[in-house]
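As given, the protein sequences belong to chains D and L, one line each in that order.
Quick note on numbering: the first sequence equals residues 1 to 332 in our numbering.
Quick note on numbering: the second sequence equals residues 1 to 540 in our numbering.
Wrong hints could be hidden among the right ones.
[What the hints assert, rightly or not] The calculated label-pair distances, taken between Cβ atoms and stated as ranges, are:
# : chain 1 : residue 1 : chain 2 : residue 2 : range
1 : D       : 48        : L       : 332       : 46 to 56 angstroms
2 : L       : 61        : D       : 311       : 40 to 50 angstroms
3 : D       : 305       : L       : 528       : 39 to 49 angstroms
4 : L       : 87        : D       : 142       : 30 to 40 angstroms
5 : D       : 54        : L       : 332       : 43 to 53 angstroms
6 : L       : 332       : D       : 53        : 21 to 31 angstroms
7 : D       : 188       : L       : 61        : 42 to 52 angstroms
8 : D       : 136       : L       : 402       : 31 to 41 angstroms
[As the list claims (entries may be wrong)] Some but not every residue of chain L turned toward chain D, in silico, with C-beta under 10 angstroms:
#  : residue
9  : 17
10 : 220
11 : 237
12 : 241
13 : 242
14 : 401
Since the hints were derived computationally from the structure, they do not count as laboratory data.
None of these values were measured; they are calculated from a predicted model.
Cβ atoms here follow ideal geometry from the backbone N, Cα and C, with glycine treated the same way.
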Amino acid sequence: MLRLLTLCLAALLALVLPASAKDKLTVYTYDSFVSDWGPGPKIKTAFEATCECELEWVAVADAVATLNRIKLEGAGSKADILLGIDSSLTAEASATGLFEEHGIKTENVNLPVDWTDKTFVPYDYGHFAIIYDSEKIKTPPASLDDLVNGDPDQKIVIQDPRTSSPGLGLLLWIKAVYGDKAGEAWTKLSNRVLTVTPGWSEAYGMFTTGEAPMVLSYTTSPAYHMVAESTDRYRAASFPEGHYMQIEVAGILKSSQNKPLARRFLDFMTGPGFQDHIPTNNWMWPAGKTSDALPDAFDKLVKPAKSLLLSADEVNANRKAWIDEWLKATTR
Amino acid sequence: MQRLRTSGPKPAVLAGAVALGCIGLAVVTPMLALVAVAPAMPDLSADYLGFVWSITKFTLLQAGLSTALSVLAAIPLARALARQATFPGRRIVLRLLALPLALPALVVVLGLIEVWGRQGWISTIVQATGLAGPLNIYGLSGILIAHVFFNMALAARLLVASLEQIPPENWRLAAQLSFTSRHVFRHIEWPVIRSALPGIASLVFMLCIASFAVVLVLGGGPKATTLEVAIYQSLRFDFDPPRAVLLAALQLALCAGLFVLGGRMATDIAVMSGVGKPARRPDRFASRRTDALVIAAGLAFLALPMLAIFLSGVMAPFSVIVSQSVFWQALTTSLVLALTAASLALVMAWSLLAAQRTIMRRRTPSRAASAFMSCMQASGSLILVVPPVVIGAGWFVVLHRTGLANSAAPVIVAIVNALMALPFALRILRPAVVGQAQIHDRLCASLGLSGLQRWRLVDLPVLARSFALAFAFAAALSIGDLGAAALFGSADFVTLPLLLLQKMGSYRSVEAAGIALLLAGFCLFLIWLAERLKPGEQNS
């Protein structure tokens with residue numbers, strides 16, 4: 001037994017490869033970004049072709065976890081860049097004092113809203129949406145109000161705002177539309193909620209296995225099914241009140257040892273070398289020009305007439321209170 | 001060697017102390033590190049305390065009910081399985097009992113929904129009969145179904161192992177006295193079950209306390225908030241380490257309190273250890289029909305969700321999955337991790353048990369010895385309710401400060417997995433080790449056998465079966481574990497459950513289902529392998 005144990009420990013240590021010594025840029029991000037099928041590996045190749053450097057991705061579970069990792073590491077972080085937090089977290093991230101102004105020109109950045117943040121640079125965006133199964137629902141909710149007041153037997157699965165970004169997104173969406181009446185809206189909506197999952201994966205899994213005909217996801221979700229599975233069975237419901245936005249951003253850490261290279265990466269990020277890999281790998285809208293037109297599937301997606309976005313400071317200041325409001329309204 | 005042993009505490013006791021120290025260090029260090037990273041007074045407003053009180057009540061309610069149901073259902077199933085020692089497929093059934101634990105909770109939850117959900121198999125049948133509308137399990141009932149699914153199998157497997165320790169002489173005696181099934185239960189089975197029950201029930205209880213994904217998904221929403229959810233939220237979303245540590249400490253203290261209460265009720269009844277194959281019991285004919293019924297019912301409950309997982313998995317594009325290098329990397333990492341963690345868990349478990357055995361031999365153990373003993377017993381349970389998210393984040397802080405974060409991560413993950421598997425290993429080994437001691441202690445003393453010699457010649461051959469089972473459980477548990485591995489993310493360190501989750505998180509649920517199936521397959525393989533590799537067989 002002891003011999004086996006020593007052997008195993010040695011094997012474990014061997015799994016951790018020694019790092020090479022080249023001019024290196026370390027970028028922290030969430031794990032689906034750098035998975036084999038995500039945009040990470042392709043972006044690494046593209047960026048390394050433009051510089052005499054090595055791009056190292058360090059993947060942490062999800063966007064919130066990446067920021068926590070930075071907080072845990074403090075000023076001693078070996079990250080040069082944090083990539084992947086979204087617009088509801090930027091104020092919290094800035095407040096740590098660990099990030100510095102990006103100092104790059106952002107004329108390539110193209111978003112449905114104005115972007116003035118001096119610390120973080122956007123690289124993609126999406127709108128939250130209710131995705132429905134068109135084989136089960138013939139008349140999808142025509143508006144957010146329709147969703148809130150609709151048939152309680154027609155169920156939806158949503159995510160928990162305490163543990164998941166889309167969950168927080170819906171919380172902010174309802175806040176942006178209903179304001180002070182958000183609590184009442186939640187009480188009504190909770191009649192239609194089959195269950196609340198801790199993350200996006202559980203909810204979407206329940207949706208695709210047919211347990212619920214509606215799920216909270218992104219307007220871009222149907223594009224995946226059209227491109228990868230050639231089916232338009234899953235569609236997004238378009239709401240005239242507008243759709244809440246999620247903008248994903250990257251920022252440079254003060255503690256970075258290689259700021260010129262970091263800035264060069266952010267600059268590269270806004271151009272086609274990076275943006276080309278976003279639509280069909282990250283399944284989000286690019287926040288800059290791509291070399292070619294997007295696949296046809298993206299033309300068929302719901303394009304919200306109105307983009308909703310609360311200011312990062314407002315979100316940061318009220319998140320706890322709004323979550324309490326949600327808890328009160330839905331546990332009644 | 002012999003000379004060294006004459007003075008000071010015995011090496012077995014020392015080994016136990018070292019193991020206990022390591023466990024304490026592994027748990028307390030991260031908590032302190034987290035407090036140090038953001039030293040602030042956590043929010044203790046009346047509002048928040050009221051919230052904590054309400055989730056504490058719910059946590060205890062769901063864990064208590066889940067434990068009671070799991071254990072109550074496990075007793076008849078274990079009795080039936082122990083009684084029928086020879087039916088075809090029995091070994092497969094026993095192996096399947098270890099499987100639910102090895103699968104990531106998310107996979108099991110989706111399997112359960114496929115069977116019990118609103119659009120599930122049972123709901124469809126019920127609706128077809130026109131008797132009722134669609135089933136709605138979301139709420140307490142959903143949590144209970146899932147927890148019974150996970151833990152009835154576990155409890156039954158552990159009980160079967162205990163019942164199989166009953167020596168054949170007892171059965172011969174029972175036959176001579178023409179015991180009825182009730183007599184057998186009262187005089188032979190119940191004492192064994194009773195002595196194993198506190199350990200098993202506390203294990204199940206702790207597992208239910210620590211359950212996270214199951215509670216949120218099947219609990220139907222924020223009404224079903226548990227302490228574990230609040231801990232996760234305060235560390236992950238609010239980034240309030242002091243609060244997370246405080247809640248974790250509360251959860252730990254709560255369980256420690258219950259453990260002390262439960263410990264009072266538990267009595268160590270001497271279990272005579274049988275050697276060799278499970279006995280062919282004389283009462284196996286009389287109860288054949290009811291046993292078949294009980295086993296079939298238990299099996300249906302356990303097998304249907306597994307069948308659902310299987311069915312969604314077989315359709316997966318396996319050629320795509322195995323063509324990805326990341327799959328093989330994840331598989332290797334997972335296998336190495338599982339074997340390391342299981343070996344480590346067994347070494348720790350043995351150290352703790354050998355120390356306990358040595359202390360129990362003394363007629364009048366000193367106060368310190370008794371306290372040491374209780375600590376060793378408690379540590380083996382309480383480790384389960386220290387949230388992995390706290391251990392992971394805390395260790396990360398420690399390692400980062402020392403600059404070892406990347407190279408030490410896999411070792412820490414293995415240690416955390418070993419700690420999580422320790423309670424299982426302890427419960428499987430303990431009855432056998434204690435029973436062993438009572439039979440062989442005098443003999444060994446008179447022959448002058450001790451230390452390694454005794455271990456090799458006496459302990460190992462007799463305990464081989466328990467060791468194999470403990471190893472299999474520990475390995476299965478850590479191959480399916482996600483918690484620890486997910487905390488030290490780095491692109492090079494991917495385990496199978498992590499890969500599965502990544503696939504699910506990016507629309508590839510079909511591939512994920514295929515990986516789940518492969519994961520289950522590897523688990524069964526590990527269990528089968530552990531049964532093969534009984535170390536005792538090489539010696540005899």
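**Asked** Does the structure break any of the earlier hints, and which numbers would those be?
**Response** Of the numbered hints, 1, 3, 4, 5, 7, 8, 9 and 13 do not hold.
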